[in-house]
Amino acid sequence: MSETHRTKQARDRWNWFWEWANPVKFMSLSGKALPWVAAICALTLIPGLVWGFFFTPAAENFGSSVKIIYVHVPTAMMAINIWVMMLVASLIWIVRRHHVSALAAKAAALIGVTMTLAALITGAVWGEPMWGTYWAWDPRLTSFLILFLFYLGYMALWGAIDNPDTAADLTAVLCIVGSAFALLSRYAVNFWNQGLHQGASLSMDQQENVSDVYWQPLVLTLVGTSALFVLLLLIRTRTEVRKRRTHALETRERMADV
Amino acid sequence: MIALLLRDMRLGVRSGGGFGLGLAFFLIVIVLVPFGVGPDSEILARIAPGILWVGALLACLLSLDRIFQLDYEDGTLDLLATAPIPMEGAVAVKALAHWLVTGLPLTLSAPIFATLLNLESPGHIWVFLSLLIGTPALSMIGAFGAALTVGLKRGGLLLSLLVLPLYIPTLIFGAEAATRGAAGLENATPLALMAGITAGSIALLPFAASAAIRVNLR
Amino acid sequence: MIALLLRDMRLGVRSGGGFGLGLAFFLIVIVLVPFGVGPDSEILARIAPGILWVGALLACLLSLDRIFQLDYEDGTLDLLATAPIPMEGAVAVKALAHWLVTGLPLTLSAPIFATLLNLESPGHIWVFLSLLIGTPALSMIGAFGAALTVGLKRGGLLLSLLVLPLYIPTLIFGAEAATRGAAGLENATPLALMAGITAGSIALLPFAASAAIRVNLR
Amino acid sequence: MELLVDNLTVTRGGLPVLEGVTFDMRPGQVVMLRGPNGSGKTTLLRTLAGLQPPMEGSVSVEPEAIAYGAHADGLKSTLSVAENLQFWASVYGTHDIAPALAAFNLNGLTTRAAGNLSAGQKRRLGLARLLVTGREIWLLDEPTVSLDVASVGLFADAVRAHVGQGGSALIATHIDMGLEAREVDVTPFRADPNGSPRVATAFDEAFT
Amino acid sequence: MELLVDNLTVTRGGLPVLEGVTFDMRPGQVVMLRGPNGSGKTTLLRTLAGLQPPMEGSVSVEPEAIAYGAHADGLKSTLSVAENLQFWASVYGTHDIAPALAAFNLNGLTTRAAGNLSAGQKRRLGLARLLVTGREIWLLDEPTVSLDVASVGLFADAVRAHVGQGGSALIATHIDMGLEAREVDVTPFRADPNGSPRVATAFDEAFT
Ligand code: HEM
Ligand SMILES: Nc1ncnc2c1ncn2[C@@H]1O[C@H](COP(=O)(O)OP(=O)(O)OP(=O)(O)O)[C@@H](O)[C@H]1O
Ligand SMILES: Nc1ncnc2c1ncn2[C@@H]1O[C@H](COP(=O)(O)OP(=O)(O)OP(=O)(O)O)[C@@H](O)[C@H]1O
Ligand SMILES: [Mg+2]
Ligand SMILES: [Mg+2]
Numbered sequence: 001m002s003e004t005h006r007t008k009q010a011r012d013r014w015n016w017f018w019e020w021a022n023p024v025k026f027m028s029l030s031g032k033a034l035p036w037v038a039a040i041c042a043l044t045l046i047p048g049l050v051w052g053f054f055f056t057p058a059a060e061n062f063g064s065s066v067k068i069i070y071v072h073v074p075t076a077m078m079a080i081n082i083w084v085m086m087l088v089a090s091l092i093w094i095v096r097r098h099h100v101s102a103l104a105a106k107a108a109a110l111i112g113v114t115m116t117l118a119a120l121i122t123g124a125v126w127g128e129p130m131w132g133t134y135w136a137w138d139p140r141l142t143s144f145l146i147l148f149l150f151y152l153g154y155m156a157l158w159g160a161i162d163n164p165d166t167a168a169d170l171t172a173v174l175c176i177v178g179s180a181f182a183l184l185s186r187y188a189v190n191f192w193n194q195g196l197h198q199g200a201s202l203s204m205d206q207q208e209n210v211s212d213v214y215w216q217p218l219v220l221t222l223v224g225t226s227a228l229f230v231l232l233l234l235i236r237t238r239t240e241v242r243k244r245r246t247h248a249l250e251t252r253e254r255m256a257d258v
Numbered sequence: 001m002i003a004l005l006l007r008d009m010r011l012g013v014r015s016g017g018g019f020g021l022g023l024a025f026f027l028i029v030i031v032l033v034p035f036g037v038g039p040d041s042e043i044l045a046r047i048a049p050g051i052l053w054v055g056a057l058l059a060c061l062l063s064l065d066r067i068f069q070l071d072y073e074d075g076t077l078d079l080l081a082t083a084p085i086p087m088e089g090a091v092a093v094k095a096l097a098h099w100l101v102t103g104l105p106l107t108l109s110a111p112i113f114a115t116l117l118n119l120e121s122p123g124h125i126w127v128f129l130s131l132l133i134g135t136p137a138l139s140m141i142g143a144f145g146a147a148l149t150v151g152l153k154r155g156g157l158l159l160s161l162l163v164l165p166l167y168i169p170t171l172i173f174g175a176e177a178a179t180r181g182a183a184g185l186e187n188a189t190p191l192a193l194m195a196g197i198t199a200g201s202i203a204l205l206p207f208a209a210s211a212a213i214r215v216n217l218r
Numbered sequence: 001m002i003a004l005l006l007r008d009m010r011l012g013v014r015s016g017g018g019f020g021l022g023l024a025f026f027l028i029v030i031v032l033v034p035f036g037v038g039p040d041s042e043i044l045a046r047i048a049p050g051i052l053w054v055g056a057l058l059a060c061l062l063s064l065d066r067i068f069q070l071d072y073e074d075g076t077l078d079l080l081a082t083a084p085i086p087m088e089g090a091v092a093v094k095a096l097a098h099w100l101v102t103g104l105p106l107t108l109s110a111p112i113f114a115t116l117l118n119l120e121s122p123g124h125i126w127v128f129l130s131l132l133i134g135t136p137a138l139s140m141i142g143a144f145g146a147a148l149t150v151g152l153k154r155g156g157l158l159l160s161l162l163v164l165p166l167y168i169p170t171l172i173f174g175a176e177a178a179t180r181g182a183a184g185l186e187n188a189t190p191l192a193l194m195a196g197i198t199a200g201s202i203a204l205l206p207f208a209a210s211a212a213i214r215v216n217l218r
Numbered sequence: 001m002e003l004l005v006d007n008l009t010v011t012r013g014g015l016p017v018l019e020g021v022t023f024d025m026r027p028g029q030v031v032m033l034r035g036p037n038g039s040g041k042t043t044l045l046r047t048l049a050g051l052q053p054p055m056e057g058s059v060s061v062e063p064e065a066i067a068y069g070a071h072a073d074g075l076k077s078t079l080s081v082a083e084n085l086q087f088w089a090s091v092y093g094t095h096d097i098a099p100a101l102a103a104f105n106l107n108g109l110t111t112r113a114a115g116n117l118s119a120g121q122k123r124r125l126g127l128a129r130l131l132v133t134g135r136e137i138w139l140l141d142e143p144t145v146s147l148d149v150a151s152v153g154l155f156a157d158a159v160r161a162h163v164g165q166g167g168s169a170l171i172a173t174h175i176d177m178g179l180e181a182r183e184v185d186v187t188p189f190r191a192d193p194n195g196s197p198r199v200a201t202a203f204d205e206a207f208t
Numbered sequence: 001m002e003l004l005v006d007n008l009t010v011t012r013g014g015l016p017v018l019e020g021v022t023f024d025m026r027p028g029q030v031v032m033l034r035g036p037n038g039s040g041k042t043t044l045l046r047t048l049a050g051l052q053p054p055m056e057g058s059v060s061v062e063p064e065a066i067a068y069g070a071h072a073d074g075l076k077s078t079l080s081v082a083e084n085l086q087f088w089a090s091v092y093g094t095h096d097i098a099p100a101l102a103a104f105n106l107n108g109l110t111t112r113a114a115g116n117l118s119a120g121q122k123r124r125l126g127l128a129r130l131l132v133t134g135r136e137i138w139l140l141d142e143p144t145v146s147l148d149v150a151s152v153g154l155f156a157d158a159v160r161a162h163v164g165q166g167g168s169a170l171i172a173t174h175i176d177m178g179l180e181a182r183e184v185d186v187t188p189f190r191a192d193p194n195g196s197p198r199v200a201t202a203f204d205e206a207f208t
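Protein chains in written order, with this note's numbering: chain B, 1 to 258; chain H, 1 to 218; chain R, 1 to 218; chain V, 1 to 208; chain D, 1 to 208.
List of simulated lysine-lysine pairs, DSSO-like, C-alpha gap at most 30 Å:
no., chain 1, residue 1, chain 2, residue 2
1, B, Lys243, V, Lys122
2, B, Lys32, B, Lys243
3, B, Lys25, B, Lys243
4, D, Lys122, V, Lys122
Some, not all, of what chain B presents toward chain R, calculated at C-beta under 7 Å:
no., residue
5, Tyr134
6, Trp135
7, Trp137
8, Leu152
9, Asn193
From the derived model, a few chain B residues whose C-beta atoms are all more than 12 Å from chain H:
no., residue
10, Thr44
11, Ile46
12, Val88
13, Ala118
14, Ala124
15, Pro129
16, Arg140
17, Leu232
Honestly, the hints are just simulated from the structure, not real lab data. Here a beta-carbon is modelled for each residue, glycine too, at the ideal position from N, C-alpha and C.
Work out the full structure: start from the sequences and follow the hints.
Below is the structure:
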């Protein structure tokens, strides 16, 4: 019969590479990395936010509400990037059966949904002064709402399945198929409605760019939020690894006294 | 394969389920909306294509868990998995049976229900056509969602949660095609895009769904 | 009785079901409608109270079959029928648990979802109030329908078909109360009528439902 | 309390399955209900438990004195063993579940979710429910299915203790579980499907 | 075709249940799989049938040669006996259902809806499915549950006829059904839950 994935792994000449992320090594490595990531996060995010909130001028036609941008844009960008990271982690799980990557995807979802919610809420709060409404069916906002739904479904599926490997497999399949449909939704939504929302203001095209005063602290907060994500991801993945280990121990104990 | 198709359709029609009830649910949603929204015929006509699409989608959704759940519970799925037909084929056939028992009747009856919502004549045809092209995608995507949730107790609501975001592109293009058609505008683009989604789903999703089923059977 | 209430709520929250998923389905219906109907915020605001009511009703509907079906399948209902609590009380308690797990969260979240449909400020309160008064009736009527279909395999769609017509009066008064309230008109009459329906259902339907369950257990 | 069954006709799907069933069970007795598959034992027990009405005849005992143990155990897989049992204890108004847990050797499993139990452990939990009902007459439908020999012994002990305190038990089973018991075979009461229907009046004659 | 099982480790819920299972079954043989409740017989049969992957070890036969008879029969209650059987015959590409009906004494029931059968009749129909698969190796999980003595005899005859034609059958059961058969007890293969996990690399050490 077909060989098991474990023997396949042992023969792979890249095995030494993947070995570095086996759960035990991951725990010790990530434990060492945590303080450094935390330091980078603190050194970028806090100055960025302080700079953005207190040392930028209030724009003449935006008022001081423009400062929401330092929460809104980083969280919005992270929300999308985190989904992409989950897609990559899911693919690694499907191809390599790498437990840590499945757990990392699970951990990332929780952070991603929080970021999405934060972007939605800051956007809504910003929309009130800007467009006179908390919500409009603008394509950008709408596709974000859809992204939120994808996160919800993904997390609900994780929560509904007891067996961790089954859950990892099924959520990975959902993440892959879901990504295709999320992309489709993006285009569908654009087709469906032309919107009010800002274009890509960080593009290289100078014409579209916001002025430098706002731009520099924004870059700092962007870096800071990315570091924050890595930090949270490490912490959360470590928790998931421990939970998984506890689950295994519990199951084993249960089998012991049948 | 054909045996499976015939069996599934026979079960769908016989088990006091699928067929008539999908239609009935569709009818009831169409009836409820005027009660909720108010009887103003101009607004109704304007939202009619959208409501018809949302109604068809919900009716479709509610019968999704039948696709695999019953076969899972009584052990048929185990036996099918060890039978000499590829699981991908079985999934595709089951989605087809679901469409024949649910999507097709909905499509055929939509023009009649459109009248209930004061939709004028050219709109009928476009609602019909867009549903005809779009509902196979709904069945196929739904079969994928059903495959994901087949092992779970009362996966019904979870299934809805997983499937509805996947339905959004189809819904947007379908409703857009119908609305534009009803308003006499050009609607070849949304129709073509929707046909693309349908073709893509039918080509690719059976593989994802059968993988999910094999995982769930473990 | 209190043991039953606590157990049902615990099950509703724990079994990866009820609670969050009812809300999620509500959210999704609210999201789908604009895709079907189009993004025009004026039309959306106008149909918002009706759509919110229809959405809450459907979300409620989808979780109805949990009320008795699981207990029937695993034999709990047989054992409850021979236990020293009156079946009428058990039915009422189960309907209450359903409301606490489904209707109440829907009601509490409706004002937020109303924002998505561009409903302006006074409308929020009226949607909330009308749902607060109306959803208990939805749970109780739904429990009656669930009792009727408890013995049937996949009674889901049949249940919808039986229950939806019974929901229509509640829906009409509820949506009317919310719409009038949003438009600043007088709406005491529909609110009072709806409260009457709720009170009547709670007073009488437990008897009908428990009779139906006893027949189904035979 | 004495269980007197007099000339009882029980039905399934509208047709009589057993006719003229007559027997009695006194406190302190165990009665084994015997009969081949499909002979109507389950139908009889459900009728005695008040879950379905008899077509004819009478039962001396109100359902309120009876604890019925069906084939299905009515366990909730997401609740723990203790939560499951505690629920039934509250329903029956008896609040101490410790003796029942001890009697069926479930003490080591109290915090385990019922869904993670083995089939035999599930059944043991189902039987422990009988002890928290505090009722006198037990009607049990194949209680030892999926139990191993040691657990059958536990069950027999529980039944002996129950009848020792003046209770009684009517048990439908195919196996011998080592209890001294009277046997009632339902085969002689089987309804003749071709015979004339035994209805009291000619009222429903055309339908039975 | 010979079934060789070599050093197989089968898992349930991610944990090994049986380790190092090794045995063989040649054409013409019947092998009885023995072991107490919860020892892992069902898990082993499902692994051999290809429904779940083994953690270690190998099976010599592709699932395509195997007919698996699970505990559940996969019958549709709204379809008739003949329709149910005909469906499986079409799936396996064998179109004559008459011999299978005859072998399990179902001829009088062909037009009856499967939902109205008694438990024993349902099981007979489930077993008749094996005959229309036309496959050489039967893997059966407690096939005689709820069968009466006469039907167990029919089943034993069917197994004898099957092995007489060069087939073989691996049967997990607790009872003695009067077949001359070799016995394989799974008890010696039970995984030690407290022992060190037998994984090839330290890769997933933390999880098993
Ligand atoms: C609920 C409402 C909102 C949501 C969900 C939302 C979502 C987003 C998203 C997804 C991005 C894109 C990040 C990227 O891809 O680069 C973004 C960026 C941005 N949003 Fe919003 N937004 C909302 C409301 C608003 C409002 C009311 C304003 C104010 C006018 C606004 C101004 C901006 C700006 C200036 C950017 C930066 C543009 C860029 O870097 O691409 N947003 N928002
Ligand atoms: N829905 C139904 N309609 C008609 N007859 C039925 C129906 N369900 C069961 N029967 C028949 O009623 C008879 C009595 O069934 P019952 O379950 O009481 O038997 P039993 O003695 O408990 O059998 P077992 O030993 O298998 O548990 C059986 O012959 C069965 O075929
Ligand atoms: N979801 C699960 N997670 C962990 N362990 C499980 C799970 N399901 C079953 N088990 C355990 O796996 C073991 C093997 O079960 P299996 O069904 O293979 O036993 P079996 O030999 O077929 O028993 P029986 O004779 O009762 O049919 C049992 O001890 C059981 O408790
Ligand atoms: Mg019985
Ligand atoms: Mg087994």
